[in-house]
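Participant: Working from the sequences, and respecting the hints, build out all of it.
Residues 1 to 62 (the working numbering) make up the sequence shown, in order.
Check the hints yourself; a few may be wrong.
The calculated label-pair distances, taken between Cβ atoms and stated as ranges, are [what the hints assert, rightly or not]: (1) R55 x R22: 35 to 45 Å; (2) G24 x P56: 32 to 42 Å; (3) L33 x P56: 11 to 21 Å; (4) S58 x D19: 29 to 39 Å; (5) P31 x D4: 17 to 27 Å; (6) G54 x D32: 13 to 23 Å; (7) Q3 x L25: 35 to 45 Å; (8) G59 x F23: 26 to 36 Å; (9) R55 x L16: 32 to 42 Å.
If you are wondering where the hints come from, they were derived from the structure by calculation, not from laboratory data. Built from N, CA and C at the ideal position, the CB exists for glycine as well.
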Amino acid sequence: MAQDVVVALARVKDDLRHDLDRFGLTEALGPDLLFPTLPTAVATYIRDFEARHGRPPSGAPG
1 MAQDVVVALA RVKDDLRHDL DRFGLTEALG PDLLFPTLPT AVATYIRDFE ARHGRPPSGA
61 PG
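Facilitator: This is the structure:
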């Protein structure tokens with residue numbers, strides 16, 4: 001059974017972002033899936049999940 005899998009990176013600091021850019025990985029992953037902090041990544045995931053499903057994911061922080 002096929003499933004949608006999304007790869008996102010959190011805690012991407014400038015030095016890592018530079019390397020990702022240099023090797024073309026920023027564009028391959030999608031720059032909107034690189035986050036400077038874990039809370040930012042989680043908040044974005046919850047917001048996007050709610051937009052798609054009309055409800056927060058189970059177990060999401062309140």
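Participant: Now look at each hint and say whether the structure bears it out.
Facilitator: To see whether the hints hold, each was checked on the structure:
no. : hint                  : in the structure
1   : R55 x R22: 35 to 45 Å : 40 Å, holds
2   : G24 x P56: 32 to 42 Å : 34 Å, holds
3   : L33 x P56: 11 to 21 Å : 20 Å, holds
4   : S58 x D19: 29 to 39 Å : 35 Å, holds
5   : P31 x D4: 17 to 27 Å  : 19 Å, holds
6   : G54 x D32: 13 to 23 Å : 22 Å, holds
7   : Q3 x L25: 35 to 45 Å  : 22 Å, violated
8   : G59 x F23: 26 to 36 Å : 34 Å, holds
9   : R55 x L16: 32 to 42 Å : 33 Å, holds
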